[in-house]
Amino acid sequence: MIQALFIALSAFGLLMALGTVFARNLVNAALFLVAFFFVIACQFVLLEAEFMAAIQVLIYIGAVTVILMFGIMLTRNIQGDETTTVTRPWRLLGLGAFGTVCTVLVLGINAYQPWTDLSVRPEFPVTKDSTTARGQAILSMTPTVGREMMTRYVVAFELAGLLLTAALVGAVVLAQHDSTDVVNARADKPGSDPAVTGS
Amino acid sequence: MSQQIPLTWFLYFAAASFSIGLMGVLMRRNAIGVLMAIEIMLNAANVNFVAFWRYGPTPASEGPISGVMMALFVVTVAAAEVAVGVGLILLCYRRWRAADVDELDTLSG
Amino acid sequence: MAAGFSLQDFILFSPVILLTGWGLLTLILDLTVLSRLSDTDRNRALGLWTIAGLVSSVVLCQFLAFEYVGNVSGQDTLIFFDTLNGGVLYTQFAALVLLFAILVTCLSMVWNFTSHWGEYYALLTWSAVSMIVLIASEDLITLFLSLETMTICLYLLTAMEKSKKRSAEAGLKYFVYGSVSSALFLFGLSLVYGQTGSTGIDMIGQILSGAERPGLSGNVAGGVAVLMIMVGFGFKVSAVPFHQWAPDAYEGAPAPVAAWLASGSKLASLVAMVKVMGGALGTWSATTSPTSPGWVGLLALISAATMTYGNFAALGQTNLKRLLAYSSIAHAGYMLVGVIAVGISTRREEAAAALFFYLVIYGLTTIAGFALASWLDRDRGTEDVDDLNGLGRRHPYVGVAVCVLMLSMIGIPPTAGFFGKLYMFMEALNVGGQDKVTMIGLVALGLFNSVVSAFYYVRILKAIFLRESDRKPLQNMGPEVSLPLAVGAGLALFFGFQPASLLEDMEVVSRSGLRFAERPIASEERGVVRTILPARTENPEAAPAAEAPKP
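Residue numbers (this note's numbering), protein chains in the order written: chain C, 18 to 216; chain P, 206 to 314; chain Z, 404 to 954.
Just so you know, the hints here were simulated from the structure itself, not pulled from any lab data. Predicted, not measured: the structure shown is a model, and the values here were computed from it. Here a beta-carbon is modelled for each residue, glycine too, at the ideal position from N, C-alpha and C. Heads up, a few of these hints could be off.
Chain Z is faced by these chain P residues, among others (derived, beta-carbon under 7 Å) [stated by the list, open to error]:
#, residue
1, Val239
2, Glu267
3, Ala285
4, Val289
5, Gly290
Just chain C, with the same shape it has in the complex:
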């Protein structure tokens, strides 16, 4: 039962990922991406990481996709028929990379015995007298995440704050209109940036 659910879910997720990659219309691609993110959230639920599933829905579907949508709308590339397709060699390279990476990864997963042995999800019993840390973490993930963030990963947590601040500050600077901005009409002089042939 749960296996069938997983297979259906994964197949749907992979279809959505393919849709994201191949959709000609970028808005459609973004909608496919939302569905893909939702499938990932479902996977997290199947892995008993409900907190992660919530985060996935909140941040990826709630924030990331919205920013992407803004990007699409502001660059007005909605219809974008000819702009989203590539030339034949790139298409072949993409398909080749997909085939190779996927095959090698699947072979690698199959060849690594400790992974193939784990066909059953290990149980971490939580009883009144003996609570393993892992079992406790699965049972009540949110407090555990909070505790870990304030102890073991305190530097990483602060760094994440710094990262978001830096990204915010920088993205505002970049997206802002400046008086010195080069707009399309007054582009750089053709000779000012000599295109140098290297390679």
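Once you've looked at the hints, dock chains P and Z against the given chain C.
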């Protein structure tokens, strides 16, 4: 209790979606399309992390939820990356009136 | 040491905390007190303010090094639940990164390439912070996060010159390549996590070397993981085939940012690479049998391709920044030889020290090279090599300084670049076992490439000394250009005469700061008892400093 899902199934799913993301990176010309494909790849890695955390062994010195923490921080990174990426794409769009990676032509070599 | 954290961890980490706050204050200052000033004045004021912050952080760092770290001998202490190094490695490299940052800040004050000075200096400070954390990190979570913080700050800095089209383009290209490679890197990390269940670098090394079948034989997933992690690091250090972003980003970015990309980011990523490849994945390094290849062979290929491609592509360049970009690709190739030596040598601490020596000298000389580019950028707006024509006649001191720099980059005595190459290649030749032939080939290729590199470095000297200028002469350079130039050339010369002082320092760093995983024992080395814990060499006398000729 019904049959459980083996670890490898999650890994197969992650591997497949990762490869699809990689293919998208190579086949998209539009920078926002590339950004979406990158998000697919990051998500695939996150599935890996959480699956390994749930199924795999954990050494004693390790925190109880290291895989989940990694995935959580990756989500942060992805959000910041998208913000910066869209900012850069807008910047370029205002200069070239296009958001395509291969229409940027001032630098070559 | 018991896992946990105390007040002392925060004290040890105070230089980083100070700098983070300093960056925020820079933003606030820019928006309040300085908002009415002109761009030039704001640049000057905020630049000096940033230098003040960086200098005080260096002072704090050195104070801590004496107060807390100096009396601890042997292994570095780990802080914050063993996720960060709080010892010599951290204090020394933090001081180095900050020194690079000070020089880059000087260069940023040369001319007005943006009007967002508050944001520019804040991002510069924060990227320095994340480089320090990256170097200090002992845990993959912290490592990945600091790597990403560093690169995101760098993408933004690259695109900061909003009056030029090429800056935005460089930023976007850097971003696209960078985020794809970090996604690959992350997937590689996830596979390593899956095989060990741990994110601690040292722990991963111990678990992998304690496995029943150490080495990569039959472990395709491990091989893929190594490959993907190598793509991630290869991108950060701009190794061929992941180098395409580098020439564009260096040419398009404002010259100070390019200098920062070439020095600070490369230093931090290479130290992290040594930690991950030598520490966590050290077990998988060597070729122990034909059926069990290690990552050494792959990295040797990358290294050979990188140095050859970088040097030959640099030959045809006419833009100084682009030339320096290709030269930095070539140097990355040499440095990867050092990384390989760290992976498989029996003298890993010494090999790492030689690599760090090279890195420091390379960083200093490259910043000085970009100082020249900033000068051209300010007065000409372009940075062709031809713009340097006749410089030596008008500014003889600059001519001498550039001469020292170029000799150091080629690797000609008595400059430090020579000793950097000497130490690193000597360590590479010290390698035994099945990979000896590979190493000899790599060193030979490295020497050949040094000769090739002489052609384009000498072209710069020829322009400076032999050619007449037909263009309007450059204005006086001012202290902002001359300081980095003088520091770069001066230190290249100083460490050329006193190489042992820096090398010994780097040996202390690598001896106490790096934790290497036990390698599987090659067939001819068998007989030595293998332990789970990494064995440490305890003879500091065997340092290659003895080989250094003292004048």
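Here is how each hint holds up against the structure:
1. Val239: 6 Å, holds
2. Glu267: Holds: closest Cβ of chain Z sits about 5 Å from Glu267(P), inside 7 Å.
3. Ala285: Constraint on Ala285(P) satisfied, holds at 6 Å.
4. Val289: Interface hint status for Val289(P): holds (6 Å vs cutoff 7 Å).
5. Gly290: Holds: closest Cβ of chain Z sits about 6 Å from Gly290(P), inside 7 Å.
Against the hints set out earlier in the document, no violation occurs for any number.
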